[in-house]
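Counting from 7, one number per residue, gives the positions in the sequence shown under the working numbering.
One or more hints might be untrue.
Unchecked claim - Quick list of in silico lysine-lysine cross-link-like pairs, BS3-like style, CA-CA up to 25 Å: (1) LYS92 with LYS14; (2) LYS92 with LYS34; (3) LYS1008 with LYS1019; (4) LYS985 with LYS1019; (5) LYS183 with LYS252; (6) LYS92 with LYS144; (7) LYS1047 with LYS1019; (8) LYS614 with LYS658; (9) LYS629 with LYS614; (10) LYS614 with LYS702; (11) LYS375 with LYS896; (12) LYS747 with LYS782; (13) LYS92 with LYS491.
To be verified - Ranges of calculated distance between the beta carbons of each label pair, as one might list FRET restraints: (14) ASP744 with LYS629: 22 to 28 Å; (15) LEU979 with LEU795: 56 to 62 Å; (16) GLN211 with LEU332: 34 to 40 Å; (17) THR930 with SER766: 55 to 61 Å.
These are computed hints drawn from the structure, not numbers from a lab.
Yeah, the Cβ is synthetic: ideal placement off N, Cα and C, and Gly gets one too.
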Amino acid sequence: MDDAIVVKGFREPADGGVGLAEATGAIKVGDVLVCIQDHAFSNLAFDAAVAEIHAASRPLTLRFSRLEVPAAKHQQRVAQGWVLAKEPATTRCRMRLLQLQGAMVYLYKPGMHNGHQDRPCVTISLDDVTDIRAVHDKRKTPGDAKEFGLTLEGHTQLLTFYVSRPAELWHWMDLLKNAPLFEKKKSTSLVATTIPVHPIMVIEQPPKRPTIVLEGVNVLKMGDLNPDFEVRTLVLHSYGKLAIFKDNDVRVGTLRCEAIQDISLSKSKADDHWYLELIAQLPSTTTGHQFRREVVLKFDSEQQGMKWTRAIERIARQCLLPGDDLDVTIDAVDEWTHAHRRLRNDVSDAEYRTLQVEWSSSRHLGDLKLDEKETLTQGWFYVKKPGVLGREAYHARYIVLRENVLYLYKYQARQESSGEMCASTIDLSEIQDIIDGNPSSVETMEYTIQLKTASNVIFTIVALTHAQKEAWLMLLVWSADYYYKETAWSLTPQLNHSTSTGEHMLRPSFESNPQSSHRGSLWQGESISNIRGWIELNGRRVYACILQGVFSYFESEDDLDSEWGDVLAALPLDEVRRVYSTSDTSFEVVLGDDIDNAIAVACEDIKKWMLSICSCCHLVLSKNALGNGLESQTPNEGWVWKLDPLFQVHRKRYVCLKNHELQVSTAPQHGRVLATVSLDHIVNLFMSKVTGQKTKDYYQLTLQCAAAAAPSPGHDTIMDDDEEEALYTLSLSFFDEDEMKEWAQDIYQGVTNANPQAASLPPPTSVAVFPQDLMKTSSFQETEPPYALAVGNARGWLYYRTAPKQRLRRRFFVQYGSELSIYKHELLPDEPSAIRYGVIDCRALLDVHFVSTNCPENAMELEFSTTTLLIVPESDQAAMAWRTLLLDVKRTFNGANNRIDNGVLISRSSTFASQKENETLLRTQIESSVRFAANMQEWDGSKWVANYFVLTGSRLLVFSLAVHLYDEDPDLLSTYTTKQITQVRSLTADEEATCDVGASSKSAFVIGFAKSKLVLKCETVDLCLQLMRLLCHSNGKLELKQNAATGTWGSVNRVASLSRHSSFLLPNPPPALATAAAAAAEKEMPTGRPSRRASMQRRTSELIQRQRTSFIVP
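Using the sequences and the accompanying hints, generate a full structural model.
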């Protein structure tokens, strides 16, 4: 099996006999290695497994998996290999793992990064196969992936797959045809025979048909949708078809001459070229309606233009039906123009061709490395509107691929654009097949790609160039194949459809839906950065809007709200450099550094529009120097120390004060936004000076903000009794008092301007002084420490919460496969067992995104179908590492048929009835990890404190109450690793007097560590001795013994004692040492008689050796 480690046999020991692994009987030939220590895997390279076993700590734990099958009379033949397979329900070939098990053939989809998915996508019984046909296609170039193919033909199924070499073809043919001989069914008495194999079929390149009337190379043809001229090869046939080829052999289009109604040859005086326009009126094969199709050819000379005009005219007249007419005109124009909008992609054709070669040679979706190629997975396309024919059916859309969803925007979207801004979406998990547009159909535009669902609903998109189409075709094939679900939601078609013509079907997620729910929510509530309305732009009346930093305008309001409305133009507002008013009803927007590149805007409320533009382009709006108008200015911004109250760390952040908000980012330009504070929510400003004897004095500006919805986690929160309003603080730190006062004054002015009702806000004037000893200990972090996560076994401390009103809890998270486990203490790499208090199933994860409003720095929201979970890493690098990890796990385990509804399970002692089965399972896991649990008292140095102590396989946990054992919310009071225990003993007389144990001295004991000790008192003596023995056993090195003289109990280090006794043994000493000892012995004693010391050592060695043997041999 590929990428699987299987037990093939056992190595015989050097002295003969049977090895320990084989003697136990627990491991058998055929077992599959699935886990090394705590690292479980389904597919792992052999060399990587050997390296991991060598590097693992001892004792080493290996886990094997075994498939128990009933014994068969005949041996099963098992073979597998990667092939290019064409499944019965698809038209394209996909990379598959073909596996033959007995008389069954299985096809598996590739995994995200390696191996294959667990369940087969196609299963075929060879008992149902009637014929095997082999094909050698000589039309393909040598080495082509489809040169050698094999077809299994049955009564109900047909499977074709391709291999790379003839030897593989003959190998698979032999295995498949003879499989029934080795898998004779028990229930039949018929003699099994081989499957008939037909002689190999050789397909040759057919000769050119003698129907060519005219053939031309290097002819310029304008694109069907994008008005760019590209070189084509034209072939005009006598039976009335004009075939269009790219690179002489790739067919990209067809035009039927009998449908041509108008032929126009025009000479352009501007560029001295001849333009041949062919206008055809074509009937739809599905609806019967007529639609217009236009083909434009460009020639350098009159001779070429006239030759093609007359040839097409002659063939078209021969194909005319009675009563039809053909209009032919030849004239000259001053300048030949077109009325179509030209689109351009930022990615060149050379880059697309490189991507296509790279992606076509990949075996897994992870090999495409889409995370590193975000700019290459987006671009301009034309999308076909359902129910409309001709060129008018195609609308320009900017398509962005994110995970398994295609987002269709009306304008070029920015990297941070959300999915809510898009006009529509296509979920690739519903796409069963990706179809290359049929160039032989007259209805197919050049570079067409069709996406078909299981219910024959087809989406049609058209690329701008052939290179873009080929690259995206491979990209969509990989993505749709990985994410497609067999149980995808199906829809009864509402329109007639045709796979060959690529008719676009109506779909609830992809239909005209004015004022849809998700787009309507964008305009709910007041926001200074979102605005829409009628304006005059450079003298033209348009309907404009500003949404998420983009200024766009349309012909009408319906074009904005409708899915199929087109934008006239869109402008990213980060290109704006200046905004200033020219009158009470007009203003100008300057783009870039060129002052002449300005846009004139006229509207009723210019201040509202100017504020919206400034809020999106890093400017602030204020009165001009004369005081008679408005003008934009550079905002107050710069690097400021900001306190993270969750971790008590000051970090340098880039703070920008805008008209309506205070924004904190990681960098000046394109930095990640960490916090956003609306100025109208600030209710108080407080300045202070923190002084200390050991640290440098610094100043702190504290902003007290109101958050009516929920308290801000991670900030110093003040709650009223009715909990209707919460206040959170944001603290900025300075080392210069004047700088602090300048920021305080600017923020105060911004607050009063943004909220006229803030007149009662007192201006910041006084500076309070606080000693450092009264403040929480904090530090200034100049540089951030590096942070990395181990792939496949990531672990680290995170703060998290599952509901807005919950407190943030610090827990240790461990990623293991698709699960993210939650622990209350750090889980060591070699720790055998621990209590798991929560599980997050990443298969149910929908998205992971940063949040910046009323949240701590680097807060991330894990979105599930029914709930959300907030996690807070400790640093910027940790946040990026955890987000990358979670998204990668989501992609890896979120493939076909893996999506589940509820992905968050947290242990709650008060809510065990809400999810009874899951909670019972979690409670059972907790109870199975507990070896000892009891209420005991701990000496804190002055008094006895009652707590609840729990001993697991490797730790001693301390809770305040017994019920907290099953509840994730309470924190641990303390935890102790049993491996670090140095001694377990009874109390001494001095300790009994100090701790005041009285008559219960025998029920108290001491747990010693390297630099500390823990004094505990149990209820009974038996309970005390039981816990002492369990602690010694859990430590692994200690053994509890009683002193016969005093009667007290104490631990003995068995390993240290054994080492001391082993020093008396006589192993072979080094040669130099042996020579020196022999020389000394010769000087001291006569030859042949050992000394008294040597005799005692030998006698002691014999006794110890005899004692060891008595333990081993009964």
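**Message:** Next pair to validate is LYS92 with LYS491; report whether the Cα-Cα distance is within 25 Å.
**Reply:** holds (17 Å)
**Supplied distance hint 22 to 28 Å, evaluated on CB atoms of ASP744 and LYS629** = holds (26 Å)
**Prompt:** Is the straight-line distance between the alpha-carbon of LYS183 and that of LYS252 25 Å or less?
**Reply:** violated (42 Å)
**Asked** Are LYS92 and LYS144 close enough, with their CA atoms no more than 25 Å apart?
**Response** holds (19 Å)
**Message:** LYS747 and LYS782 were given as a pair; does the straight-line alpha-carbon distance stay at or below 25 Å?
**Reply:** holds (23 Å)
**Pair hint LYS614 and LYS702, alpha-carbon separation not exceeding 25 Å** = Violated, at roughly 46 Å.
**Asked** Does LYS1019 lie within 25 Å of LYS1047 when you go C-alpha to C-alpha?
**Response** Answer holds: LYS1047 to LYS1019 is near 19 Å, not above 25 Å.
**Item:** Distance restraint between LYS92 and LYS14, which requires alpha-carbon spacing of 25 Å or less
**Value:** violated (34 Å)
**Message:** Does the beta carbon distance between GLN211 and LEU332 stay inside 34 to 40 Å, or does it fall outside?
**Reply:** holds (36 Å)
**Request:** Take a quick look at whether LYS1008 and LYS1019 sit within 25 Å of each other, Cα to Cα.
**Result:** holds (18 Å)
**Message:** Hinted pair, alpha-carbon criterion (25 Å max): LYS92, LYS34. Please report holds or violated.
**Reply:** Judged against 25 Å, a Cα distance of about 38 Å means the pair is violated.
**Message:** Just to be sure I understand the hint, the distance between the Cβ atoms of LEU979 and LEU795 should be within 56 to 62 Å; is that true here?
**Reply:** violated (29 Å)
Hints 1, 2, 5, 8, 10 and 15 from the earlier list are contradicted by this structure; the remaining hints agree with it.
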